Amino acid sequence: MNGKRKGTGIALLLMLVCAFAAQGQRTTGMRFNEVLTVNEHNFVDDYGMRNGWIELFNTSWGTVNIGGCFLTNDRNNPRKYMIPKGDVLTKIPPRQHVLFWADGMAARGTFHVNFKLDPSGENYLAFYDSDGKTLIDDLTVPAGQRADVSYGLTVDGFGRWESLAKVTPSSNNKILDTNEKIENFRQNDAWGVGMTVTAMAVVFIGLMLLFFSFKYIGLTAIRASRRRSMKARASESSEAKHREPESGEVFAAIAAALYEVTEEDVHDLENTVLTIRRVARHYSPWSSKIYGLREPLGKSAYQTK
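Under our numbering, the first residue of the sequence shown is numbered 1, with each subsequent residue one higher.
Keep in mind that the hints were calculated from the coordinates and are not lab data.
One or more of the hints may lead you astray.
[Said to hold, decoys possible] Computed cross-link-like contacts, SDA-like style, restricted to lysine to any residue with a CA-CA straight-line distance of at most 20 Å:
#: 1; residue 1: Lys174; residue 2: Glu162
#: 2; residue 1: Lys174; residue 2: Arg160
#: 3; residue 1: Lys116; residue 2: Asn42
#: 4; residue 1: Lys174; residue 2: Trp161
#: 5; residue 1: Lys116; residue 2: Ala126
#: 6; residue 1: Lys166; residue 2: His97
#: 7; residue 1: Lys116; residue 2: Ala147
#: 8; residue 1: Lys174; residue 2: Ser163
#: 9; residue 1: Lys91; residue 2: Gly68
#: 10; residue 1: Lys116; residue 2: Gly144
#: 11; residue 1: Lys174; residue 2: Val155
#: 12; residue 1: Lys91; residue 2: Asn172
#: 13; residue 1: Lys116; residue 2: Gly104
#: 14; residue 1: Lys166; residue 2: Phe100
#: 15; residue 1: Lys91; residue 2: Ser170
#: 16; residue 1: Lys91; residue 2: Gly132
[To be verified] For each label pair, taking beta carbons as the anchor points, the in silico distance ranges come out as:
#: 17; residue 1: Tyr216; residue 2: Thr63; range: 49 to 55 Å
#: 18; residue 1: Val197; residue 2: Tyr47; range: 54 to 60 Å
#: 19; residue 1: Pro94; residue 2: Ile182; range: 28 to 34 Å
#: 20; residue 1: Ala234; residue 2: Val203; range: 44 to 50 Å
#: 21; residue 1: Lys116; residue 2: Arg160; range: 24 to 30 Å
#: 22; residue 1: Leu207; residue 2: Glu236; range: 42 to 48 Å
#: 23; residue 1: Asn77; residue 2: Arg160; range: 26 to 32 Å
#: 24; residue 1: Leu207; residue 2: Ala234; range: 36 to 42 Å
#: 25; residue 1: Met200; residue 2: Ala234; range: 49 to 55 Å
#: 26; residue 1: Thr220; residue 2: Met200; range: 28 to 34 Å
Small disclaimer: the values here were computed from a predicted structure and weren't measured.
All residues carry an ideal CB built from backbone N, CA and C; glycine is no exception.
Please model the entire structure based on the sequences and the hints provided.
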């Protein structure tokens, strides 16, 4: 039963993970992010032309393929421009942007739609799913937009819509030109005294912590070694107490052995040193060759011959 329950729990967990992953890859995470209606001196497209543009932002944490989805500026025609399928650039990474040029020339590429934006009136924009019926996001850009000033969200994918003097196509709507921390130091600590004192305090506190740490570790090691030595001494003393003393018979046997050795006179010049002399034979009479050799003949023997 426990094994079945564990298997069921793992299966449910996998199903939830797959569901979240599928949700992260759906086109419902796409949002209108920034629109430029009047482009006089702003960015140019890949053909060197200046036209209005529409920026979408992937708010999800998974890659979204918008191929087959629809962009339109007509409420009655949700399928006005179908984003071509098969283009690798239509796979939008998580938390990234995609830019469409509203130049009315769809033949120029995937990111050129077949309609233009009205520079004098309001512009309705909508983004539909690949079925052409499910509305994912829509937007109405108010009339009277200034040239080279975009209409976008204060925070990518969220926040409120307002005019953005700093136009940021294919980038974050909120870009910081300065470092907030550096500006804060310039205002509150122009001479750097506070930073210097803080840095020195951090260094000295770190050194003090290291000193106390090593000191505590050393004292702990010394105490541990003392405890071990005391335990060893206690064990040795307990063994000595329980050890039986040698009997008188053992000492009598040792004294007799020393007396016998002294009487037999097999000791060295030093009377207090006992030695054992090992009998060494340099040859064996049974295997010696000197008994099998003949005596050499004298001069008379050679002369008679």
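Holds or violated: Lys174 to Glu162, with C-alpha atoms at most 20 Å apart: holds (12 Å)
Consistency of beta-carbon spacing, Ala234 to Met200, with hint 49 to 55 Å: holds (51 Å)
Pair hint Lys116 and Gly144, alpha-carbon separation not exceeding 20 Å: holds (16 Å)
Restraint check for Lys174 with Val155, where alpha carbons must lie at most 20 Å apart: It holds: about 6 Å lies between the C-alpha atoms, which stays within 20 Å.
Assessment of proposed distance window 36 to 42 Å (beta carbons of Leu207, Ala234): holds (41 Å)
Pair hint Lys91 and Ser170, alpha-carbon separation not exceeding 20 Å: Holds. Lys91 to Ser170 sits at ~14 Å (cutoff 20 Å).
Verdict for Lys116, Arg160 (Cβ pair) under range 24 to 30 Å: With Cβ atoms ~26 Å apart, the hint holds.
Hint check for Tyr47 and Val197 - Cβ pair distance inside 54 to 60 Å: holds (59 Å)
Range hint compliance [Cβ, Leu207 to Glu236, 42 to 48 Å]: holds (44 Å)
Satisfaction of hint between Trp161 and Lys174, Cα-Cα up to 20 Å: holds (13 Å)
Distance restraint hint 28 to 34 Å, applied to the beta-carbon atoms of Pro94 and Ile182: holds (30 Å)
C-beta pair Asn77, Arg160: status relative to the range 26 to 32 Å that was hinted: holds (29 Å)
Consistency note: the structure conflicts with none of the earlier hints.
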